[in-house]
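The task is to assemble the complex, starting from two chains supplied on their own in separate frames and drawing on the hints.
For reference, the chains in residue letters:
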Amino acid sequence: MDWAYLFEISLTGIASGGLYALAALAFVMVYKATRVVNIAIGEMLMVGAYLFFTFAATFALPLWLAIPAAVLGSGLLGAVIERTMIRPLLGEPPISVFMVTVGLGSVLVGLVEMIWTADQRRLPDFMPTQPIIIGDAFLAPKVFWGSMIAVVFIAAVLLVFRFWRGGVALRATASDQAAAYSMGINVPRVFSLAWVVSSMIAAISGIIVGSIGGISSSMGIFGLSVLVVVIVGGLDSVLGALVGGLFIGLVEALASAYLGGEYKLLATFIVLVVILMVRPYGLFGTHEIERL
Amino acid sequence: MTPQSGPSAQQPLLQVEGVTLSFGGVRALSGVGFGVAKGSITAVIGPNGAGKTSLFNTISGFYRPTSGHVHFQGQDITNLPAPQRAKLGLGRSFQNIALFRGMTVLDNIKLGRHAHLKTNVLEALLYVGRARREEAELRADIEERIIDFLEIDHIRHAPVSALSYGLQKRVEMARALAMQPEILMLDEPVAGMNREETEDMARFILDVREEWGVTVLMVEHDMGMVMDLSDHVVVLNFGQVIAQGVPATVQANPEVIRAYLGSGDVADLRRKLHAGTTAAATSAQGVA
Chain A
0 MDWAYLFEIS
10 LTGIASGGLY
20 ALAALAFVMV
30 YKATRVVNIA
40 IGEMLMVGAY
50 LFFTFAATFA
60 LPLWLAIPAA
70 VLGSGLLGAV
80 IERTMIRPLL
90 GEPPISVFMV
100 TVGLGSVLVG
110 LVEMIWTADQ
120 RRLPDFMPTQ
130 PIIIGDAFLA
140 PKVFWGSMIA
150 VVFIAAVLLV
160 FRFWRGGVAL
170 RATASDQAAA
180 YSMGINVPRV
190 FSLAWVVSSM
200 IAAISGIIVG
210 SIGGISSSMG
220 IFGLSVLVVV
230 IVGGLDSVLG
240 ALVGGLFIGL
250 VEALASAYLG
260 GEYKLLATFI
270 VLVVILMVRP
280 YGLFGTHEIE
290 RL
Chain B
0 MTPQSGPSAQ
10 QPLLQVEGVT
20 LSFGGVRALS
30 GVGFGVAKGS
40 ITAVIGPNGA
50 GKTSLFNTIS
60 GFYRPTSGHV
70 HFQGQDITNL
80 PAPQRAKLGL
90 GRSFQNIALF
100 RGMTVLDNIK
110 LGRHAHLKTN
120 VLEALLYVGR
130 ARREEAELRA
140 DIEERIIDFL
150 EIDHIRHAPV
160 SALSYGLQKR
170 VEMARALAMQ
180 PEILMLDEPV
190 AGMNREETED
200 MARFILDVRE
210 EWGVTVLMVE
220 HDMGMVMDLS
230 DHVVVLNFGQ
240 VIAQGVPATV
250 QANPEVIRAY
260 LGSGDVADLR
270 RKLHAGTTAA
280 ATSAQGVA
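Which chain is which? The protein sequence lines are A and B, in order. Using numbering that gives the first Met the number 0, the first residue of the first sequence is number 0, and each one after it goes up by one. Using numbering that gives the first Met the number 0, the first residue of the second sequence is number 0, and each one after it goes up by one.
Extracted from the complex, chain B is given alone in its bound form (with noise of 0.2 Å):
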């Protein structure tokens, strides 16, 4: 699969459309628009409170927008609520790690297949039929597959609640992953991790899109992983897009460097930023 960067002439595979949220008298997005190219991986930026968590939920179905439309594969689901959207292939990670406490990784991990499968009452108690060919599909497919490509083999028994943050966040995503997802949707997959863990997920996220051909969307605060990783990158500032693009470009954008910054010598900025983005830095030099 080859990732596309920036606006193609194919039809996106996740389409945002004018999308205006609001909370009582406080909008949180205003008007947002955006695709995702099938393949590519996309990451939603924009200082805090810029609404990218809310974008996030409108778009898997907790929120749902007071405008505009969220298309996905071609279809509207503006108004469908969140279960329909994951069966339909939307997997989604949570910022505040989200899961299932006293339960063990496996089993966690195996909820996330929950949506897809179709055995009654009666099967499952006499373990028969559909019952035995489902668990021994989802057992194959998760364990030979998500838990090897995850490397949370060593771990699979343990209750999540023993487990290292980074870890957790790694449970999380098989768990989104074994909803077999056309679209993965990580909430902040780095943050607060140490530079190992982050090397480690941000590894993970590229072998996601190569292996499995599953597209990415991402919020992320981790500037040089965002830079790293992306093809296209949305920025969002007080609810609103104010810049998207190839990741060279929106990061030569002054309205960018001053959302990210605040108000200043735009040149100077610029090299605090750059300074801060060590492994992009490189390759972006030459444009800005």
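Excised from the complex, chain A in its bound form (with noise of 0.2 Å):
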């Protein structure tokens, strides 16, 4: 066993798991607030790693203006499915909504391959290109620098849903509806909080992901893995999102690591099934009990 090699190949893969965990917030926030499965959340990336690209390449923006604009319209375009697709759906059973964002995947997709066709491209850099050493470990430096970028982010989110009021009415909303509701919490404006949330959340990982291996109109598989993260972790949990993302990370590093690249998605895939057959809400996921 080569003690050094397995380090490395452990810390690149809780570094990626970082990523993970940032487009798993992104869908735990808006599952958490409407319940809704958003199958798109990959593709929702996707468009936001797309918008830095116009903004960043075509428009030949310098990088502060082009981030936030990207993150800006992937929000403004969570705000526009939220009212659009979603809310008229309120009500109607969760399959209804689910194969909704389904479409919304497909939509995503099609627009992507017209606007900007479906070539490979390459994000401009930003990030710092020494290489990162640790010990004797070597990290690429996109991927050090991009769970760097995904871990504050991380961080400001907790904080801002932690003590601002607008993350209680979310919570409270998650809760009971209709008790947040005659509390006086504006209950669709939560849903629109948390889906422009999301959208701006899954930009930044997507241009994260974007620069770390390039944008396509199949980048949406990414949105795969996350899924498996937040099924792993629990739905409705943002510590499962967290704590499933590192672990997703690692898992898929080591499988690529020793067993081979084709072997990534099964590992990934039987850990899922082996942690739903043991806890099928998840690790942290909130069981949930009827009462009659």
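Worth flagging that the hints you see were computed from the coordinates, not collected in a lab. Incorrect hints may have been included.
[As the list claims (entries may be wrong)] For the chain B half of the interface with chain A, some residues (derived, Cβ under 7 Å), not all of them:
id, residue
1, Ser59
2, Ala81
3, Lys86
4, Arg91
5, Ala97
6, Gly111
7, His113
8, Leu116
Just so you know, even glycine gets a beta-carbon here, dropped at the ideal spot from N, CA and C.
As structure tokens, this is what we get:
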């Protein structure tokens, strides 16, 4: 056993797990507030990355302008999606809303191919390029800096939602909509807020993921791993998203290093099946108990 | 504050006028009208399915009536959404306890004040200025007044899901009080409670009116409690008001007796009704 190699692989896994955690946070935000399983999370990541590409490469805006513009643009998209597709389905069976998000994913892929074509593209480099050495282990600079950015944003989102009234409103809405509504909490606005914030977080992770591996119209595949993360962690658990993200990142890295890249998804999904057998609500999900 | 009985010359705090509510072809309420005088305890009673909870939901803004109006403090609130009504001073509890599970008692109660807080993101994060002041005021008010008043000091840090049914009901009432309501709407405050818990709750309801000057509107099945506490009773049956007035009058009304106990010999049914309302019976016997 080569311990140095294992250490290096684990570091890479945890770092890319940070990216999963950020994207999973975007998913959990929407699920917690609105109980919508957003299958299109990967595609929303992609749109964020393409918006950044447009602002930074096509319009040649400086980075400090291109990134906020892409994030705000995605937030706007989130608001439009919530208002036009999700809110009219309020009170409909969850499966209907679920199917709408499946359709949304296809629509977003189609839009991206129409506007930007299906070609693979590179995002402009904005992260430092000198290699990162931790102990004897080498870490790809983009992965390292990308995960650092993810950690900063995760911390920021958690702080805001811990101490701000809007975060309290979100948690109350997640817990009991009728009660929240009668406490003076504007529940429809909480729904909008959740979608906007989720889209913005997705855009940030899209920009990071795109900077590491390039962008293309099939980038939404990343969303598949994010779904595994949130199911493992528990759909409505922020802590689950974070722990699940790191865990799945680690599993994927170890599987592709020791078993080969083609076993990466196999290993992840085996982990998923095992965890669901032991804990059907995910590691930290809420057990739903109906009281009659 | 002097409690007022029956209709008064003064404008009522809450006025329901000709409210009709239909779900498709089903009429849950038709032409319901009554007033709740300021400082009174008003009860809405009626058999199961009479439309009591529908009426509550219409008043608090969950349903919009098909026709008719709801006035609160002289303002037409028929078309206001529920959160706005909460800000105006309509606080309510739910028939099936609707607490925020996974939060502590204290957090649940604090959420009642949500509508009145104005702190923004930046202030909240830095915990300066308004955020600090609002939090301090909130704590003082909730800890000194509400928690002491409802005798739930010992469970303030407990998660609500771990509490007994009676205590959960009490926490729900505390949360409604934290909303600083003008009118407190209680949907079956003692349903499923034992005798002792019921007596505690009855005492709290009276104290809310006496000490806090909050008007109470409640839906309740426990006839004894309704007759004991209320100044004004509104009886619903099949979505219509079939009687209203002071408890004794309502209790003696043959139509009310029929609605509750089915048709039959009224005198006999009346005896049965009185047997079920032991506490109220003594005072009502003379009238009946």
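Tested hints:
1. The interface hint given for Ser59/B is met, as the beta carbon of that residue sits about 6 Å from the closest beta carbon of chain A, less than 7 Å.
2. With a cut of 7 Å, the hint placing Ala81/B at the interface with chain A holds, because the nearest CB-to-CB distance is about 5 Å.
3. Contact between Lys86/B and chain A, as hinted, is supported at the beta carbon level, the nearest pair being about 5 Å apart and thus within 7 Å.
4. The interface hint given for Arg91/B is met, as the beta carbon of that residue sits about 5 Å from the closest beta carbon of chain A, less than 7 Å.
5. Taken as an interface hint, Ala97/B checks out: its beta carbon lies about 4 Å from the nearest beta carbon of chain A, inside 7 Å.
6. Because the smallest distance between the Cβ of Gly111/B and any Cβ of chain A comes to about 6 Å, under 7 Å, the interface hint for this residue holds.
7. A cut of 7 Å between beta carbons decides the hint on His113/B: the least distance to chain A is about 5 Å, and the hint holds.
8. The beta carbon of Leu116/B is positioned within 7 Å of a beta carbon in chain A (closest approach about 6 Å), and the interface hint is therefore held.
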